[in-house]
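Enquirer: 183 is the number that our numbering gives the last residue of the sequence shown; the numbers go up by one with no jumps.
In case anyone wonders, no lab produced these hints; they're calculated from the structure.
All residues carry an ideal CB built from backbone N, CA and C; glycine is no exception.
A couple of the hints might just be wrong.
Unchecked claim - Straight-line alpha carbon distances no greater than 20 Å define the calculated SDA-like cross-link-like pairs of lysine to any residue that follow: (1) Lys160 - Thr127; (2) Lys181 - Pro138; (3) Lys162 - Gly183; (4) Lys5 - Gly88; (5) Lys33 - Leu179; (6) Lys5 - Ala170; (7) Lys91 - Thr127; (8) Lys160 - Gly145; (9) Lys33 - Thr127; (10) Lys160 - Leu179; (11) Lys181 - Lys160; (12) Lys5 - Gly183; (13) Lys91 - Val119; (14) Lys181 - Asn136.
Stated by the list, open to error - Derived CB-CB ranges, DEER-like: (15) Ser53 - Asn174: 26 to 32 Å; (16) Phe99 - Thr178: 19 to 25 Å; (17) Glu146 - Thr28: 18 to 24 Å; (18) His83 - Thr151: 28 to 34 Å; (19) Glu32 - Pro138: 40 to 46 Å; (20) Glu163 - Gln31: 17 to 23 Å; (21) Lys162 - Gly183: 39 to 45 Å.
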Amino acid sequence: MKITIVTGSNREQSTSTKLCRYIETVLQEKEINVTLFDLYEKPLPFFDPSNRVTTDPNVHALIQAVGGADAVILSTPDYHGSVSGVLKNALDFLGFDQFDSKAVLAVSSSGGAVGVSPLTHLQTIVRNLHGVNCPEWISIGGENRGFTPDGEPENEKVKERVNKVLAYFVNLALTLRKAG
Numbered sequence: 004m005k006i007t008i009v010t011g012s013n014r015e016q017s018t019s020t021k022l023c024r025y026i027e028t029v030l031q032e033k034e035i036n037v038t039l040f041d042l043y044e045k046p047l048p049f050f051d052p053s054n055r056v057t058t059d060p061n062v063h064a065l066i067q068a069v070g071g072a073d074a075v076i077l078s079t080p081d082y083h084g085s086v087s088g089v090l091k092n093a094l095d096f097l098g099f100d101q102f103d104s105k106a107v108l109a110v111s112s113s114g115g116a117v118g119v120s121p122l123t124h125l126q127t128i129v130r131n132l133h134g135v136n137c138p139e140w141i142s143i144g145g146e147n148r149g150f151t152p153d154g155e156p157e158n159e160k161v162k163e164r165v166n167k168v169l170a171y172f173v174n175l176a177l178t179l180r181k182a183g
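Working from the sequences, and respecting the hints, build out all of it.
Expert: See below:
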């Protein structure tokens with residue numbers, strides 16, 4: 004199974020990206036092939052709907068990574084109660100060909116207690132791309148955004164939540180892959 008994680012922050016030490024790096028490790032321990040596409044490390048040009056043809060190598064890498072995946076994880080910081088601009092811009096380069104009938108997990112990090120609004124906004128976008136939203140999601144906030152120098156969440160409850168949600172998500176992705 005191949006899972007692509009798209010981290011939607013444009014900040015180097017973003018907690019949403021740290022969370023995704025931890026998710027990547029957990030999935031790899033389950034012998035799942037993971038591609039982490041970090042939009043901070045691979046920035047994209049602004050999407051221009053009047054010129055859908057681009058030669059930008061990062062855009063092509065994103066399309067290949069998401070298109071070649073069996074399932075996708077989308078991560079965003081909570082920016083004013085919604086998804087980050089860089090993630091929305093990245094999703095504008097993608098379409099049905101990359102998401103149709105694939106399981107998609109929404110992940111968020113918020114300065115407040117939990118970032119529910121960005122997760123529901125992501126699920127709306129995924130639905131419009133014909134992806135299949137995982138009913139579970141992962142959101143960390145406040146003091147739960149701490150990570151050890153090894154990249155693990157400091158809070159054991161966060162680790163438990165990540166493991167529970169990933170088990171559900173992987174099962175959903177396997178089910179959809181078999182049905183397709």
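Enquirer: Which hints from the list above does the structure break, by number from lowest to highest?
Expert: The structure breaks hints 1, 3, 4, 9, 10, 11, 15, 19, 21; every other hint is satisfied.
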